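Protein chains: 2
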Amino acid sequence: MLIVQKYGGTSVGGLDRIENVANRVAKAKFKGNDVVVVVSAMSGETNKLIEYAHHFSKNPSKREMDILLSSGERVTASLLAIALQEMGIGAVAMTGRQAGIQTNSIHTYARIESINTEAMKTEISKGNIIIIAGFQGINKEGSVTTLGRGGSDLSAVAIAGALEADACEIYSDVDGVYTTDPRIEPKAKKLDFISYEEMLELSSLGAKVLQSRSVELAKKMGVKIVAKSSFNDNEGTTIAEENEVMEEVLVSGIALDKNQARVSLREVSDRPGVAAEVFTKLAEAQINVDMIIQNASTDGTTNLGFTVPQSELESARELISAFSHDIGSVDFDENICKVSVVGVGMRSHSGIASSAFSAMAEASINIEMISTSEIKVSMIVDEKFGELAVRVLHEAYQLDR
Amino acid sequence: MLIVQKYGGTSVGGLDRIENVANRVAKAKFKGNDVVVVVSAMSGETNKLIEYAHHFSKNPSKREMDILLSSGERVTASLLAIALQEMGIGAVAMTGRQAGIQTNSIHTYARIESINTEAMKTEISKGNIIIIAGFQGINKEGSVTTLGRGGSDLSAVAIAGALEADACEIYSDVDGVYTTDPRIEPKAKKLDFISYEEMLELSSLGAKVLQSRSVELAKKMGVKIVAKSSFNDNEGTTIAEENEVMEEVLVSGIALDKNQARVSLREVSDRPGVAAEVFTKLAEAQINVDMIIQNASTDGTTNLGFTVPQSELESARELISAFSHDIGSVDFDENICKVSVVGVGMRSHSGIASSAFSAMAEASINIEMISTSEIKVSMIVDEKFGELAVRVLHEAYQLDR
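Note that the protein sequences, when read in sequence, are chains A and B.
Just so it is clear: in the first sequence, position 173 is 173 by my numbering, and no numbers are missing.
Just so it is clear: in the second sequence, position 301 is 301 by my numbering, and no numbers are missing.
It should be emphasised that the hints constitute simulated quantities derived from the structure, not laboratory data.
In this text, all values refer to a predicted model and were calculated from it rather than measured experimentally.
Among the hints, a few may not be true.
Since the list gives no way to pick one copy over another, a pair counts as held whenever it fits inside one copy or between any two copies.
In silico BS3-like cross-links for lysine-lysine, where the CA-CA straight-line distance does not exceed 25 angstroms [what the hints assert, rightly or not]:
#  : residue 1 : residue 2
1  : K126      : K62
2  : K140      : K121
3  : K58       : K27
4  : K384      : K258
5  : K29       : K58
6  : K62       : K121
7  : K187      : K140
8  : K258      : K190
9  : K31       : K121
10 : K140      : K126
11 : K62       : K29
12 : K258      : K187
13 : K189      : K384
14 : K121      : K384
15 : K220      : K258
Using the sequences and the accompanying hints, generate a full structural model.
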């Protein structure tokens, strides 16, 4: 088997932990596998470098940031290779460039365009373990690029796809994907299996096991991911295409997102296109609008509500003031949160949404906004009821069984 | 003018110091110069990374060490570029690879083979300041290489040579090159000018302003070096070819090297080739033999004395034990030091050596070994007389005038 393993910042967050990772990698090799490892920077390193840069500039040049930030992963990769060599195991460290990772030129948020696997395949054929500095590549001009936060996940998935690896194991300090955040609901259970689609909904809603771009890429390339902890030998969660096994599962998990704010526009004049104009401006300002609700009112005006990330509320506020002549009143509310029920079973089973609403009503939690997709029901509720809503829904779908 | 500036680890050893360097670089640019900057890692960084590697292995793989160690200079280069950009000055950071530095494949001690100046020339023509991560390049296979301790000096000189720069300024925490170590002789004076040859003798003898390989390279490429402090605006010392101005100077400086040990082999059997065999073995073990003295004795045996760096004495001791049947007795002495008088004037002026010996005799310092070259007289004396010898010779050649 050819296995790609990725170890995150916490897993390599110190010399003893790198030693621990070396032992895990060696074990996989001794079982007869070919192993390619992708590593993050030691935890805290990237933030330290960003702080350094911010000492000089609030908005440092992205090209230079990429040279700066790519250094952390190189340190971990070379140290891990040295640790393995000391165990008598053939290992070779590679930078993103040396591993053949070609990206576009969008510095600090580059996209992988292609991977030249030649150098990697040569080392694999020699029986060597390859340790690759994650999160980085080069563009066509040869400049160093990085892939954005959590980019090492992306490196691992892309490499697994390019090498047609049998598995892509993503190691962190978490055992896998849970039915909900165990800090909110202690009865939360680890999932053995989750589909790409569900994982995408859960990760964009705040379950931080996997960067969502890497889940998208895994889906696209058909790479099976196993999310595991590097601190124990628990089974982990497999993320892959839906299959027969999943038919019985209706709901996989409950996610809570506290980073939302609601904007309510009341008495919006019925002049055609006002709503469209508002959302166009928001999009131009790169403000992420999530849920939208529009109600026609009786007096010839409409009410328009939507949510944005809290960090973007200030920009939204400024932008909307330009529309004051078309809008009766505007109301901003940061004290809300979004609770989502996610499950591929919703596609084929009706009634999932209604049982969510019933459970919320029974617990006397008022639902302020609702949006649904094929595999998700999201509800905006008062922030103070967020954790309660999660527990109520977790119970309603019997996710602790 | 096109100026190459190199800032060492102490000069960039903190965020405030990098800010200070940015101001100095900006000043050179505002004077109308094109400026290319080469930087070292922040002081302490390289040692920290070496310690990390030694946590895993006493003898870490050199290929991986190069990926590890090259990261420190990248951090400084990108931070300095960001600092300059924040001042509104066009600046671009480059790794060794991006600057076109091609080396051979001797990892951790690579030699620069060629520099492709295309990328640098493009940026210069745009009016940009280039900030280059020193100490590093890549080999023909694209692997990262480093140039050994002090390698950033080498990067700077090679780049200055390749770009045909008008000057190569090497900044450290020292004002320039002194007639001797001011901690030993407070009357030591800074030299305005010193020849490559003299500098080579002084640096290999312990004056740590410039790495000696970079002086050799500067001589070969005809690059004029100015050694300066980044903490003040003093003039510094120019290192270049001897010229007419220098005719009057007989002696430029006095160097003290306390890192020497003496090996004395007594009653070496007169069998031909014993001495040759000893030195061949020492060379094979990469032990640097410095001074050698052989005396024929009356009883058909010879006495053989030589010096090695203290750090290599243990290896030398082991090696020599293999010759016990050919040698009467062996004596090791770490309590010695080497005092050297350096000056190109010796070439044309006789009597320099003899006045050294007279001065030492007057001060009752016993000279145990002597070696001379065209521009140097070195003497081995008891370690406890080292500083005194320096002061006596400094006075004898009136270097404080």
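Right, here's what the structure says about each hint:
1. K126 x K62: between (38 angstroms within a copy, 19 angstroms between copies)
2. K140 x K121: both (22 angstroms within a copy, 19 angstroms between copies)
3. K58 x K27: Close across copies (23 angstroms), not inside one copy (45 angstroms); limit 25 angstroms.
4. K384 x K258: within (10 angstroms within a copy, 72 angstroms between copies)
5. K29 x K58: between (45 angstroms within a copy, 24 angstroms between copies)
6. K62 x K121: between (32 angstroms within a copy, 22 angstroms between copies)
7. K187 x K140: Answer is neither; intra-copy 50 angstroms and inter-copy 57 angstroms both fail.
8. K258 x K190: within (22 angstroms within a copy, 65 angstroms between copies)
9. K31 x K121: Only inside one copy: K31 and K121 sit 20 angstroms apart there, 52 angstroms across copies, limit 25 angstroms.
10. K140 x K126: between (29 angstroms within a copy, 20 angstroms between copies)
11. K62 x K29: Classified as between; 23 angstroms across copies, 38 angstroms inside a copy.
12. K258 x K187: Intra 21 angstroms, inter 70 angstroms, cutoff 25 angstroms: intra-copy only.
13. K189 x K384: within (24 angstroms within a copy, 74 angstroms between copies)
14. K121 x K384: Classified as neither; 54 angstroms inside a copy, 61 angstroms across copies.
15. K220 x K258: neither (29 angstroms within a copy, 66 angstroms between copies)
Violated hints, listed in ascending order, are 7, 14, 15; each of the other numbered hints is respected by the structure.
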